[in-house]
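Engineer: The residues making up each chain are set out below.
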Amino acid sequence: MSSTHDSSAPFVQLEGVTKRHGGVAAVDALSLTLRRGEFFALLGPSGCGKTSLLRLIAGFETPDEGRIFIDGEDVTGTPPHRRPVNMMFQTYALFPHMNVARNIGFGLVQEGIARAEIARRVTEMLRLVQLEGLGERRPDQLSGGQKQRVALARALVKRPKLLLLDEPLAALDRRLREETQFELMHLQERLGATFLVVTHDQREAMVMASRIGVMRAGRIEQIGAPAEIYERPISSYVAQFIGEINLIEGVVKGQSAEGPLAEARSGLLGVSIAAGLIDVACAVAHAPGSRVAIAVRPERIRVAPLDRAQEFPNVLTGEIEESAYLGDMTLYRVRLAGGLVLRAAHQNARPGAHSFESGDRVAASFAPDAGIVLPA
Amino acid sequence: MRIRVTPARLIALSLGFAFLYGPIALVILYSFNASRLVTVWGGWSLHWYGALFSNRQLMASAATSLEVALASAAIATVLGVLAALGLDRFGRFRTRGVFAAMLFAPLVLPEVIAGLALLLLFVALGLERGFVTLVIAHATLSLPFVAIIVRARLAAFDRSLEEAARDLGAGPATVFRAVTLPLIGPAVAAGFLLAMTLSLDDLIIASFNSGPGSTTLPMRIYSEVRLGVTPQINAMATLLIAFVGASLLLATLVGGRLPGWSAPSDEGRRS
Amino acid sequence: MTKAQPPANFEAGLGRWLVLALPYAWLVLFFLAPFALILKVSLSEPELSQPPYAPVFDSWDASVIVDKLRSLSLGAYARLIEDALYLRSYLESAAMAGAATFATLLIGYPLALAIARSPARWRLLLLTLAIAPLWTSSLVRVYAWILILKDEGVLNHALIALGLVTEPLHIFATNWAVLIGIVYAYLPFMALPLYAAIENQDRQLAEAAADLGAGAGGIFWRITLPLSLPGVYAGALMVFIPAVGEFVIPDLLGGSDTLMIGTTLWNDFFVNRDWPAAAAAAVALLALLLGPLLFYERMQMQAGANRR
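Chains as they are written, first to last, in my numbering: chain L, 1394 to 1769; chain B, 68 to 338; chain S, 33 to 340.
In isolation and in its complexed conformation, chain L is listed as follows (with noise of 0.2 Å):
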């Protein structure tokens, strides 16, 4: 075992993990390191692999191929009840015929522990997920958000090196998901565990956690940072998996070696699209006339009347055709010539800021380096 609690030490090892379902892979050749005490979110759509890799870290599944190592130790073949590793279902699966406090006291009746010891325990996590005095109530007298502490608790009790997560919020209503989102962060932080949380809602990944990879179709498409994915991402599934995105295909007309924007250390690559020719800060070489597809935010498009154009770089002229007033931001939908429609979000961060009304033709246009060059 190991005992160093450097935390950039890797955790949790998955080398080239697969599992199939029926001949379909559900995990593909996956390898993933997690380090100590962090907080990572596994992001996707539901049917790409997700829950089964957490599946497979619990001990519910094993591997067809490939080993799991937690701490140094592999545990490709332990049982699911020999591994420092807790899991919090998405339905809590809370033991219906048992009160909270007897749940929560579960895992440690396992251990084999004192009566006295166990109560005293269970009362210490009943007040950490702030739920006292509630120890005897039984599962289907308590409300969704309180069920999620119990679920949570009974987790947490044994002190688990690994905390599994599988869409632990994805029962709450609104409010109380955004609430629970930082009370889970500042629960991590006072823990010290690592935490894998397994979701399909971008926002909650990019709130909590300090690194996310997203999966697609058994592998993981991207690792990074919540910044790190939304502002380079590296394929336009990830681009349009987190957040709002444009793409526009077109075809690379050239390269020049050094670009206006020195500190970008990058050529700006020309690029012919339907609408015209734009300019895109890149890095790397792309050979003349292969197709790549251009991701903007719709943030980073700016939106100004026609007589305005010459002022910006890439100016695409088309025509609203729809607007929609949000109070903080204005989302318009801008047909350019050639059929492709942008979205554009503009921040309305004065009052009575230029707006425009559908069928207004204007100016839609973004920085060099706003634009993400991506395989098309």
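It should be emphasised that the hints constitute simulated quantities derived from the structure, not laboratory data.
Everything hinted at is true.
On the chain S side, residues computed to face chain B include the following (Cβ under 10 Å):
{"id": "1", "residue": "Leu61"}
{"id": "2", "residue": "Phe63"}
{"id": "3", "residue": "Leu145"}
{"id": "4", "residue": "Thr160"}
{"id": "5", "residue": "Ala164"}
{"id": "6", "residue": "Val172"}
{"id": "7", "residue": "Arg173"}
{"id": "8", "residue": "Ala176"}
{"id": "9", "residue": "Leu269"}
{"id": "10", "residue": "Glu278"}
{"id": "11", "residue": "Trp298"}
{"id": "12", "residue": "Trp307"}
{"id": "13", "residue": "Leu321"}
Just the calculated beta-carbon pair ranges, DEER-fashion:
{"id": "14", "chain 1": "S", "residue 1": "Phe302", "chain 2": "L", "residue 2": "His1490", "range": "42 to 50 Å"}
{"id": "15", "chain 1": "B", "residue 1": "Asp225", "chain 2": "L", "residue 2": "Leu1699", "range": "54 to 62 Å"}
{"id": "16", "chain 1": "L", "residue 1": "Gly1415", "chain 2": "S", "residue 2": "Ala193", "range": "40 to 48 Å"}
{"id": "17", "chain 1": "S", "residue 1": "Gln334", "chain 2": "B", "residue 2": "Phe160", "range": "24 to 32 Å"}
{"id": "18", "chain 1": "S", "residue 1": "Phe134", "chain 2": "B", "residue 2": "Asp155", "range": "33 to 41 Å"}
{"id": "19", "chain 1": "S", "residue 1": "Leu326", "chain 2": "L", "residue 2": "Arg1413", "range": "46 to 54 Å"}
Far from chain S, by Cβ distances over 12 Å, these chain B residues were calculated:
{"id": "20", "residue": "Trp111"}
{"id": "21", "residue": "Ser121"}
{"id": "22", "residue": "Arg123"}
{"id": "23", "residue": "Ala223"}
{"id": "24", "residue": "Ala231"}
By construction, the Cβ of each residue, glycine as well, lies at the ideal position given by its N, Cα and C atoms.
With chain L held as given, fit chains B and S onto it using these hints.
Structural biologist: Same frame as chain L, now just chains B and S:
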């Protein structure tokens, strides 16, 4: 916990099914026994089947049984469907509790009591025991089973289908004929089959309520078994098993499932 | 002016009345009335004329009824209590049904568990196989055990051939044979509710228990079994109730010392032709079943209250 076939589960399944099917298999095996001694194997033979078909008494009771089963199942199905409709569609009425109790009490009633009670009624009414009393008795006791099956189906199906038909201008009778009946059809058929099976199988109620001319097959078999085991009974039993097996197979092939229950739910979806 | 409100839709009201009236009338006539009759006959005196009882109420004249009420005969019940035979057959029926219920549970639980935990595509087939014997003639299934258990039967042949015993085992015509027969006949009734209760369980509960450190045994005793108790109660009820009143099995497989209330009632009626005694036995048998039924009802109510 995990869905797999562990050795312990395999043993439980093997022993359980061996216990359930071993005796039945033995009866079938010995029906082809050439030996007159029931438990000594004397080679293969169809002799007892021949003897069986020339047993006029046995054949006559088989016919009686079938007639009683068909008639009583038909009555039980009509009344059972009406009772299920009354319970499920009419909400609360004043004596609903009494009605439900009367309807479902026969389910937990020992057959000896039911048989005796009905007999006393027929005597009090001055009804001569025979085919009619037998049909009434069997219909009364299989009625609850039909009602339960049909009511489960009624409770499961989407009420807005009926409401939609009402909304589109159909009267209550039309709604029943055009919407309700087709939807509960499989349950009604299942109820009818079950009612027939119950009637064909019954010995006790029939013994109390049948007359001289209406001896049913179970009554005949019972009196023969009491006299001692004969190879002919093995053959009779085998034919009964084959008959039931064939109808079950047919019902499964036609309806996709056995009458009386629905398929167990599949495993929960996983992402 | 404000008479009884006519139904919103008169046609529907009439149809509704008819739909209910038919089964209602049938049940009152053929279910409720016979019960009243059983009570009445159990209170009358046996007589050798046809039908073999002297009616208690044969007139609706008030004075006659009062007279008759004074002379109501509790004779049949008195015999039930005095006659050691009845008392014994009561106790033995209850004991036999209890033992058979327990044995059925012991055999049925592993079977139901194995079926419920088998791969989903096998489950329906296995469940069907477990219940299919119910569709075959119950008489044939009891008869099969005569073939097996007789002194010169299949079991003894096999045991002697294997050298396990030298003398045939006397199982046939004993209470053991009756026990085996009841367990065999009612096993599907136990397996079905058990299966439903186990299959219904959220599989994640077992996983959660394993995750918290429970091994296979811990999961069974602390999660699976307690959660399947409603199925256990339902199964026990479905075996115990018909087993108490069983007639065919003790009659065909039992011996001369086998006493069950169903056989006693049958003999009173068909052999001794003492209808009042048979009716009194029936009433007493009903009373015997009331206990388990009330217990079950209470369990159901509790489960309902917990769900709320």
